[in-house]
Amino acid sequence: MELNFNSERPIFQQIAEGIEDSILSGVFPEESQIPSITEFSVQYKINPATALKGINLLVDEGMIYKKRGLGMFVAQGAMEALGKKRKAGFYEKFVASLVKEARRLGIGKEELDVMLEKGFSEGEKDKEGEVVL
Amino acid sequence: MSIQIENVSKGFGQVRALDGVSAVLEENKIYGLLGRNGAGKSTLLNIVTNRLFADSGQVLVDGQRVAENDDALSQIFLTSEKTYYPESMKVKDAFRWTRNFYPSFDEAFALRLAGSFQLNLNGKIRGLSTGYASIFKLVTALSVNTPYVLLDEPVLGLDANHRDLFYRVLLAKYGEKPFTVVLSTHLIEEVSSVLEDVVILKNGRVLCADSQENLLARGYAVSGTSSLVDSYIAGKEVLSVDSLGGLRTAYVLGKVEPGELPQGLELSRLNLQKLFIQLTNEEGEK
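As you go down the protein sequences, you meet chains A and B in turn. Here the first sequence stands for residues 1 to 133, where the numbers follow the numbering used here. Here the second sequence stands for residues 1 to 286, where the numbers follow the numbering used here.
With the rest of the complex left out, here is chain A (with noise of 0.2 Å):
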């Protein structure tokens, strides 16, 4: 997980997001501990009320919880909730800037389409070359 800090995004927000990242990828699978406040305070070398504030946005979704005095963790059946955020963002994030990119570039919808393709049948590949390593 990488911080941008010339980013527009707010930084709670990439951390938000980078722990969601972790959470999709498994590196944080459900029911384990994530990393204390002051852990990701120095790791990032942020303020801990910026963490703090980034990790309650997952505490709110419910996909965090706190134990007391334990620490923080991954909630259950956070990974498929996390997919469906996902998912419903995907067009906002995704879809919609690339078609914008596309109209400035003066790309239509049928040379999209071609690329699309590509894109799909060369991300095959790379699943068969995963599959061969």
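Read the hints as simulated data drawn from the structure, not as lab findings. Computed from a predicted structure; not experimentally measured. Any given hint could turn out to be false.
Said to hold, decoys possible - Computed cross-link-like contacts, PhoX-like style, restricted to lysine-lysine with a CA-CA straight-line distance of at most 20 Å:
1. B:LYS29 / A:LYS45
2. B:LYS92 / B:LYS82
3. A:LYS45 / B:LYS92
4. B:LYS29 / B:LYS177
5. A:LYS67 / A:LYS93
6. B:LYS177 / B:LYS202
7. A:LYS53 / B:LYS29
8. A:LYS53 / B:LYS177
Mind docking chain B on chain A? Use the hints.
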């Protein structure tokens, strides 16, 4: 529990170094004390610790006046440019000596930390390079365990590795047991992620004192073609405008309403350094 700075003024001859400065430094928060050269940062810190005397106004620590009050002063530790140790004193002796003044000083921690920074314990303090003089002060400040720690230009002369180590140790200490930290510095970009609250001084006055979050929410930047930007900012409170060829960026105070921004304009957040530069520029520099 807090440090209250009440209407403090201080002059040096004709120069009015501080002019009616009021601010509150609350317990267990990390502050940035920011200002350009000569804004009055060091003077203010020296008055807070009774090393300089205010012409008027007062400073209270947890409700007690600091002037000639050793009890109140023992709650605060200030590192500053000047080194007050005797000529021939060695680093390790200075640690021992510090414990006499600050009973909560953790000598074992200081020795360990000195090791992490490769600070020579047998070196004479007066003989330390700029970087190691800073390190010596930081090691002391991080080991002293007072409720208020004021750091004047803490990373002066430190290389990137040592600055990194300093911020990590500071945050680890703070995470373990919070205390009030005031970082007075020019290196805004570097410290901004560490700061919760910010006090900006300009020409001896408090320009603003707020949480960093609130401060950054006060404005935004828009960029686009000159004509689009110019028509958008007409009638708005504009801090400044940069032009690069046909591209124009305006720093605007206020909030953007969703959907208000015309097509073709890009919106970006201010960061602390940008905001600081815009707020503290003098006329001729714009």
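Against the 20 Å threshold, does the CA-CA distance of A:LYS45 and B:LYS92 hold or violate the hint?
Between A:LYS45 and B:LYS92 the Cα gap is close to 29 Å, so the pair fails against 20 Å, i.e. violated.
For the pair we were handed, A:LYS53 and B:LYS29, check the Cα-Cα distance against 20 Å.
holds, 15 Å
CA of A:LYS53 to CA of B:LYS177, is that 20 Å or under?
holds, 19 Å
Hint consistency between A:LYS67 and A:LYS93 [alpha-carbon to alpha-carbon, up to 20 Å]:
Violated, because 33 Å separates the two Cα atoms, which is more than 20 Å.
Does the alpha-carbon distance linking B:LYS177 and B:LYS202 stay inside the 20 Å limit?
Outside the cut-off at roughly 32 Å; violated.
Is B:LYS29 within 20 Å of B:LYS177, Cα to Cα?
holds, 11 Å
Holds or violated: B:LYS29 with A:LYS45, Cα cutoff 20 Å?
holds, 15 Å
Against the 20 Å threshold, does the CA-CA distance of B:LYS92 and B:LYS82 hold or violate the hint?
Distance ~19 Å between B:LYS92 and B:LYS82 Cα, so the pair holds.
Going down the numbered hints, you'll see the structure goes against 3, 5, 6, while the others check out.
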